[in-house]
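All chains should be built: construct the whole structure from the sequences, respecting the hints.
Residue numbers (numbering that gives the first Met the number 0), protein chains in the order written: chain E, 0 to 248; chain U, 0 to 197.
These aren't lab readings, by the way, just hints derived from the structure by calculation.
Mixed in with the good hints, there may be bad ones.
[Said to hold, decoys possible] From the derived model, a few chain E residues whose C-beta atoms are all more than 12 Å from chain U:
| id | residue |
| --- | --- |
| 1 | V15 |
| 2 | I32 |
| 3 | S52 |
| 4 | R57 |
| 5 | T106 |
| 6 | Q130 |
| 7 | L136 |
| 8 | P141 |
| 9 | L148 |
| 10 | V173 |
| 11 | A204 |
| 12 | N218 |
| 13 | N221 |
[Said to hold, decoys possible] Some, not all, of what chain U presents toward chain E, calculated at C-beta under 8 Å:
| id | residue |
| --- | --- |
| 14 | P52 |
| 15 | I115 |
| 16 | W117 |
| 17 | E119 |
| 18 | N136 |
| 19 | H137 |
| 20 | I182 |
[Unchecked claim] In silico lysine-lysine, DSBU-like type, Cα no more than 35 Å apart, as pairs:
| id | chain 1 | residue 1 | chain 2 | residue 2 |
| --- | --- | --- | --- | --- |
| 21 | U | K28 | E | K109 |
| 22 | U | K28 | E | K10 |
| 23 | E | K1 | E | K84 |
| 24 | E | K84 | U | K34 |
| 25 | U | K166 | U | K26 |
| 26 | E | K231 | U | K197 |
| 27 | E | K84 | E | K10 |
| 28 | U | K28 | E | K84 |
| 29 | U | K164 | E | K1 |
| 30 | E | K231 | E | K1 |
| 31 | U | K28 | U | K74 |
| 32 | U | K166 | U | K28 |
| 33 | U | K166 | E | K1 |
| 34 | U | K26 | E | K84 |
| 35 | U | K197 | U | K34 |
Using N, Cα and C, we set each Cβ at its ideal position, and we do this for glycine too.
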Amino acid sequence: MKKLAATVLVKDGIVVNSLSFRNYRPIGSVDQIITRLQEWEVDEITVLNLSHSSNPLRDFNQTFSESLLSGINTPIAYGGGITSKSDAESIIAAGSERVVLSAFHWTAEKSREISVNLGDQAVLIHVPLVQRGGVFLVGNTPSTFQDFLAHIPGDWGGELFIKDQNMDGNTSRVEFFKRVSTFTNNLTSPILAGGGISSLKEVEALLQLPFIKGVAIGNWLNREELIIPRIKHGIGTSIRLRDLMGFVK
Amino acid sequence: MKTAVVVDYGAGNVGSISNFLRNFDFKVKISSAAKCIMDADLVVLPGVGSFGPAKLSLDFIQACQSILNRASAGKPILGICLGFQLMTMSSQESEGTSGLGLFHATTRRLMDGPVIGWAETFPSNASITPNGSYYFNHSFGVFETSDFDVYTLSGSEPYIAYARKNKMVGTQFHPEKSQQAGIDFFVTLLNDCWQELK
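Okay, structure coming up:
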C-alpha cells in the first residue's frame with residue numbers, strides 16, 4: 000500500500016514553510032500542527048528541524064513536548080543534526096520511529112555505523128536534488144546523485160526521501176522522478192517523493208509510478224488545509240487515486 | 000495498577016511503546032532486571048533494531064533467562080517487529096546468532112524488499128483478526144506458521160503480521176504507531192488473550 004506523508008519544517012521551535020529551504024514563514028506550533036496531522040490520519044510525519052544544535056536529542060525534546068509525545072500514534076521520522084550512532088539511537092528511544100539523515104553527510108561507513116544496532120529500516124535519507132544541464136546534483140553541492148548512490152549498498156533496507164529542489168515549473172514532477180528512477184533501478188530501497196507537490200493530479204501521477212512508494216506533502220498543507228483528509232477519504236479525488244492509496248484505514 | 004516492563008536492549012523505540020501502554024493504564028517501567036521481567040503483568044520486547052546486536056544485548060544484560068522463565072510460567076509477553084523476530088529461533092539478518100526460541104519458526108529476508116509504511120493484514124486462522132491496515136517497518140519477516148495457535152498474514156510473499164501462542168503474542172507491525180487500528184488491536188488482545196490485564 001502506498002503512503003501519504005507530511006513534511007513538517009521546524010525552525011526556532013515553531014513550524015515554518017519555505018521555498019527551497021529559504022524565506023521561512025511561521026505557520027504554527029509543533030503541538031498544534033502535528034496533532035492536526037494525526038487527526039487527519041496522515042500515514043507518516045517527517046519532521047525536519049532546521050535550527051538544530053550540536054545536541055540532537057535536546058533539540059528533539061525541545062521540539063516534542065511530553066504531552067505531544069504521549070498522544071502520538073502516527074509514525075514519526077525526525078531529522079536535524081543527527082550524525083552519529085548514539086544520536087540516532089537516542090532519538091529512536093525518545094519516541095521517533097525513524098531518523099532522517101542528510102545526503103550531504105552520507106557515506107557507506109556512516110550507513111554501517113548507524114544501522115548496526117537500529118537496522119537499515121530505521122533510516123530515511125533526505126536527498127534534495129537539483130537538475131542542472133541534465134545532471135542531478137545533491138542540493139547545491141558539486142556532488143552528483145550518482146556519487147551519492149555509489150555509497151548505498153545494493154541490499155540497503157532504508158528509505159530514500161528524494162525531493163525535487165528546483166520546483167521551477169519547467170519540468171513536471173513526474174518527468175523528474177522518471178529520470179531519477181533511471182539511476183535508482185538497482186536499489187531495493189523504497190522511494191518517498193517530495194518537493195513542491197501541490198495538486199491531486201500530481202499525487203495521482205506519482206503514486207502510479209511503481210518505484211514511488213509514497214508522496215510527501217509540505218507547503219501544500221499550509222495552503223490547502225484539508226488536503227490530507229480529502230486525499231485519504233477520496234473527497235474530490237478520482238477513484239483511481241483512491242485505489243492507488245488503498246483506502247482501508 | 001497493572002504493570003508493564005519494556006525490555007531495554009539498547010536500540011528499541013522504548014519511548015513510543017511506553018507512551019502507548021500508559022494510555023491503557025499500565026504503569027510502565029523500562030528495565031532489563033530479572034525480577035522486573037518476572038513480576039510484571041506484561042513484558043514487551045520493543046521493535047526497531049537489528050537482530051544480532053539486539054540478541055547480544057539481551058545476552059549481555061542477562062535478560063534471556065528471565066524472559067524464558069516468564070514464558071514457561073505462562074505470563075503475557077508481547078514482541079513487536081524485531082521483538083517478535085527475537086522470539087523465533089534465528090534470523091537470516093544475523094546468521095549464527097540464535098533467537099530466544101519461544102516460537103519454533105525462523106526469520107528471513109523479505110524477497111520483495113523492505114516494507115516501510117502501511118499494509119493490510121488478511122484473515123487466516125485467527126480467532127481475533129486484526130482487520131485493517133497497520134504500520135510496518137521491516138526488511139525481515141517470519142513465514143512459518145505451524146507453531147502458532149492463531150496468526151494473520153500480510154504482504155505479497157505472505158509473512159506473519161500477528162501470531163499468538165498461549166499468552167505470547169508477536170506482531171510484525173507496530174500497534175503503537177498504527178493509529179486507531181493499533182488501539183483497537185490492543186483492546187482486542189486484552190479482551191481475547193490477556194483478560195487478566197484488563
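Keeping to a limit of 35 Å between CA atoms, is the pair of U/K166 and U/K28 held or broken?
This hinted pair holds, its Cα atoms lying about 20 Å apart.
Within a Cα-Cα threshold of 35 Å, do U/K166 and E/K1 meet the stated pairing?
Holds, at roughly 33 Å.
Hint consistency between E/K1 and E/K84 [alpha-carbon to alpha-carbon, up to 35 Å]
OK: E/K1 and E/K84 at ~29 Å, within 35 Å.
With the threshold set at 35 Å, check whether the alpha-carbon distance from E/K231 to E/K1 stays at or below it.
11 Å, holds
Checking one constraint from the list: CA of E/K84 to CA of E/K10, max 35 Å. Satisfied?
With a Cα-Cα distance of about 24 Å, the restraint between E/K84 and E/K10 holds, given a limit of 35 Å.
For the pair supplied as a hint, U/K26 and E/K84, is the alpha-carbon distance within the 35 Å limit?
Satisfied, since the Cα-Cα distance of roughly 30 Å is no more than 35 Å.
Compare the distance between the alpha carbons of U/K166 and U/K26 with 35 Å, and conclude whether the hinted pair is satisfied.
20 Å, holds
U/K197 and U/K34 were given as a pair; does the straight-line alpha-carbon distance stay at or below 35 Å?
22 Å, holds
In terms of Cβ atoms, is chain U entirely out of 12 Å range of E/L148?
16 Å, holds
Holds or violated: is the Cβ of E/I32 farther than 12 Å from all Cβ atoms of chain U?
17 Å, holds
Satisfaction of the U/E119 interface hint, Cβ to chain E closer than 8 Å:
6 Å, holds
Any CB of chain E closer than 8 Å to the CB of U/W117?
The hint holds - U/W117 has a Cβ within 8 Å of chain E, the shortest such distance being about 5 Å.
The earlier numbered hints are all upheld by this structure, with none contradicted.
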